[in-house]
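Make a model of the complete structure from these sequences and hints.
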Amino acid sequence: MPWSDNSDTGVKPGQKPGGKPGPWGAPPSSPGPRDEDQGEANRPRGDGPRRPGPPPSPPDDLVALWRRLRKRFEDEFGAMGPGLGRRLIPALIGAVIGFWMLSGFYDVQANQEGVVTTFGAYSRTAGPGWHYHLPVPIENVEQIPVTTVKQTNIGSRTGDLPKESLMLTGDENIVDVAFSVQWRVDDARRYLFDIKDQEDTIKAVAESAMREVVGRSTLTDVIATGKAKVEAQSAALMQKILDQYGAGVTVVSVQIASANPPAEVVPDFQAVQSAAQDAQSAINQATAYSNKVVNEAKGTAAQKERAAEGYRQQVIAEAQGQTDAFNAVYAQYRRAPAVTRERLYLETMERVLGKSAKVIVDAKGATAPIILPPDVFRPRTPDATQAAPTPDQSSQAAAQPAQPAQPAQPGAGQ
Amino acid sequence: MNRRSLIAAAVVLIVAVALLASTLFTVDQRKQAIVLRFGRPVRVINALGENNPGLKVKAPWENVVFFDKQNQGLDADTAEIIAADQERLSVDAFLRYRITEPVVYYTSLGDDATAHDRLDRLISATLREVLGSANHTDIISGRRAQLMQQATDEVAAQAKAERLGIQVIDLRIKHADLPEANAEAVYQRMKTERQQMAAQIRAVGEQKKLEIMAEADKEATITIATADGDAARIRGDGDAQRAELFAKSFGRDPSFAAFYRAMQAYDTALGQGDTTFVLSPDSAFLRYLKTGPGR
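Protein chains in written order, with my numbering: chain X, 1 to 414; chain P, 1001 to 1295.
Hints listed in this document are in silico derivations from the structure and should not be mistaken for laboratory results. Since the structure is predicted, the reported quantities are computational estimates derived from the model, not experimental observations. Treat the hints with care, as some may be off.
Per label pair, the in silico range of CB-to-CB distance [unchecked claim]:
#  : chain 1 : residue 1 : chain 2 : residue 2 : range
1  : X       : ILE89     : P       : ARG1043   : 39 to 45 Å
2  : P       : GLN1188   : X       : ALA232    : 29 to 35 Å
3  : X       : VAL266    : P       : ASP1111   : 23 to 29 Å
4  : P       : THR1192   : X       : GLN182    : 36 to 42 Å
5  : X       : VAL266    : P       : ASN1182   : 15 to 21 Å
6  : X       : ARG124    : P       : ALA1021   : 24 to 30 Å
7  : X       : ILE89     : P       : ALA1021   : 23 to 29 Å
8  : P       : GLY1132   : X       : VAL266    : 43 to 49 Å
9  : X       : ALA328    : P       : THR1221   : 47 to 53 Å
10 : P       : GLY1142   : X       : THR225    : 37 to 43 Å
Computed cross-link-like contacts, BS3-like style, restricted to lysine-lysine with a CA-CA straight-line distance of at most 30 Å [said to hold, decoys possible]:
#  : chain 1 : residue 1 : chain 2 : residue 2
11 : P       : LYS1031   : X       : LYS150
12 : X       : LYS292    : P       : LYS1031
13 : P       : LYS1058   : X       : LYS196
What the simulated footprint calls covered on chain P by chain X, stretch by stretch (three residues with Cβ under 8 Å from a Cβ of chain X suffice, anywhere in the stretch; the number is not a length) [as the list claims (entries may be wrong)]:
#  : stretch
14 : 1020-1032
15 : 1157-1163
16 : 1194-1205
17 : 1258-1268
18 : 1278-1292
Just so it is clear, CB atoms sit at the ideal spot from N, CA and C, and this is done for glycine as well.
Right under this line is the structure:
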């Protein structure tokens, strides 16, 4: 506005300039622009205390400018004469109204629904795109995301919320559950109008439902095997409750982010794990032992059977050889039995006695035992270190060497 | 025209605006409004069951109070409940309700803060009564849903009897937890349970280990014994065949066979040079030594 040009001094007519005495002394609360005498008369004086050392010319210029502007203002507004003033005011009003009307354009994103109210009353729901509603005091719009899935976290580990995440299970254990609920608005109108504090409601319902389900489950169900079941059941229960409230919300899923025993008992749970591992390793050790022992036994068994088989083949082969030899000798023997016998006997004795120490004693008629010198019994072969037979051996026993006996051991080879 | 008429126009405008401001009001979709004439309710706009929010008119000397029309929640204070079996539980519950008779609500309760106070007391009394007659296991798990339904009905009946102008939709237990001291006891029990479980698992592992090892030893023993048996049979078979061979061959002349075999045996047994023979001159070998060239 033209008359506010005097603000180039840094002080608007209505303002108190920072606690210092104003250029007009104590300014009135709203000095109207039409207080012409005051404004014009005080202007030059007023500059003094505010700006201690300005050159003289700018105030003169300012005064001149001010006068010019005043004149123009009076031309337009006061006199209402022909010229600019006639059209400026309606133009200004028109512009304001225009802007006001334009403020009614709004954009609904692809994932949203726009709920339009007229004086607070529901009037319509707008789909994605650009729309228009009557400007603000009359109509208003609230854009509600309907396809976007929202997530509410409960008992998240980031916050220190032990109360929110500790739950009692059906078998009276305490479990630490952090979970999240994915949900979306499926009826924007109901969501907006029928239920108060929507997100808090969803959170409270989620907690209640989860606790009810956990309260029906066992600890092992919650922390291990039945997680999916707990999730599905609490999602269904949540949906049921929210439907009962007419919340216009669809529960997409409930996800257990973590379900653990409380910190106080975690070491004992880990101890169970390590016990299971210990047990497994004991079993593995035993299995390794079993494999070793059984296979070794099989090996030993095979060895024994092979050895026996070897023995069998050996004795048969040897017996075969010996009997063949006997048969050959026997064939010759049959031709001259007596001579052959005699010869065999003498040849054998020759070989046997030829290598051995011999004492020939004629004990017939002897009354006292015959004492033989000990070196007689010393073996003639150097490697034979066996103790000699007892010295008081009776001569009779030694005198009968040729008793044929059944062979108990396989004889030495021919 | 000009200045005077301008001022007159401004005055008219201001009066009009003031008049409009004191007669027009909007009722939000979410609210129900009671129009009060000198503090006395005269009519309700957008009450539950009717749907007429929007721009409304009243006399300038009337004023309006608004109450929620929505399903709203109230978090009750945590209540310490003693269950029928003397276990303590700290219970958090929340109530869902709706103001159905705003005039009654307004006259009996006045404002939301008072209403919350009143409902809070009602809830904790009801929870004490309903949950106090159940065992704590029922509260935690077994009959939780039934108990909540029972408490809901109870609170609804009370609210109706006390004419609070509200309709109770649901009373739900949010938390039903053991107090700190009892929680400690539960932790202790969980710990011992786990320790016992760990010991059990270890023992079973050890047992299986011993079983497997014993089984292995047994199998090894059987395998070796079987092999020993087989080996003995094979050896016996060998010996038998040998005996048969010898019998067949030597049986043709047992006397000579015995002699022949004895000679072989002497050779082996006595012919090593480690035997000292004490011979009598009467022996067969020395026959000629004694008798000389003989006959």
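Broken hints, by number: Numbers 3, 8, 10, 12, 15 - these are the hints that the structure violates, sorted from lowest upward.
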